[in-house]
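Q: So the protein lines, in turn, are chains D and R. So the first sequence is numbered by the numbering used here: it starts at 1 and just counts up by one. So the second sequence is numbered by the numbering used here: it starts at 1001 and just counts up by one.
Derived by calculation from the structure, the hints in this document are not laboratory data. Do not rely on the hints blindly, as some may be mistaken.
[What the hints assert, rightly or not] Chain R stretches covered by chain D per the calculated footprint, using a threshold of three residues with CB under 8 Å from any CB of chain D: (1) 1012-1020; (2) 1024-1032; (3) 1064-1070.
Just so you know, even glycine gets a beta-carbon here, dropped at the ideal spot from N, CA and C.
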Amino acid sequence: MVVLVFYAAVVVGVVSAVVAVSHRNPVVNVLSLVVTLFCVAVSYALLGAEFLAAAQILIYAGAILVLFLFVVMLLNAPEVKSASEPRPFQRAAGLLLAVAAGVGGVALLMGIQVVAPSAQVSGDAQAIGRLLVGPYLFAFEFISVVLLAAMVGALVLVKRKH
Amino acid sequence: MMVTPMHFVIFAVVLFAIGTGGVLLRRSGISILLGLELMLNAANLALVAFGRMHGTLDAQVFVFFVMAVAAAGVAVGLALLVAIFRKRQSIDVDRLNVLRW
Chain D
1 MVVLVFYAAV VVGVVSAVVA VSHRNPVVNV LSLVVTLFCV AVSYALLGAE
51 FLAAAQILIY AGAILVLFLF VVMLLNAPEV KSASEPRPFQ RAAGLLLAVA
101 AGVGGVALLM GIQVVAPSAQ VSGDAQAIGR LLVGPYLFAF EFISVVLLAA
151 MVGALVLVKR KH
Chain R
1001 MMVTPMHFVI FAVVLFAIGT GGVLLRRSGI SILLGLELML NAANLALVAF
1051 GRMHGTLDAQ VFVFFVMAVA AAGVAVGLAL LVAIFRKRQS IDVDRLNVLR
1101 W
């Protein structure tokens, strides 16, 4: 059962990720990235990180990608098809680097010593919450400052000057 | 047949490579940000899988922080795109050459 769910998530996730980075229409890009992130959430759940699976759907699919969709519709920028569109050398170099990232990553993984899977630890909200307000309290508080700074920065950037 | 955390790491590597391709090959600013999101998610997934191998929860707390920082980064990045679009009427990164030379 777990195997079936995992491979379904992998197939759907990879296909929708390819669509997300290759389709011409930006709305299709954003919506298929939602599907990919949902598959990542399924993987979190299979790994025993239930809290992160919920947070992934709430934060990414619920907030970040809605922000993306909002900006896509706000800008409504047509995909430019300029005369310099085919740049064979740059495209080939980019594709080569992307494939190298994948192949290199897998090759690196082949070399590492795999630690035997330990006993299942439950990543439910209670356990994560105890860590957040315990050893990681300072980081947890500081992240709110980071978010506030980002919010103020975004407001300043889009403010119209009169 | 069993699914080990290593399978999830390989899934994450594949997603990371696809995200890299998106960042390198696309020219629209929004598509580049989408590729970045995909790469961040792949890194998060690998982190959770490695944490599962070691049987600790700290990796999941780190992933939570990465999510928050990614949200902040996307907010600023999209605000930059909106500001650039207002000035240049385009989000094609090839045309953003005012900082060249």
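Q: The structure should be examined with respect to each hint, and the outcome stated for every one.
A: Structure-based check of all given hints:
no. : hint      : verdict
1   : 1012-1020 : holds (count 8)
2   : 1024-1032 : holds (count 7)
3   : 1064-1070 : holds (count 6)
Of the hints listed earlier, there is not a single one the structure fails to meet.
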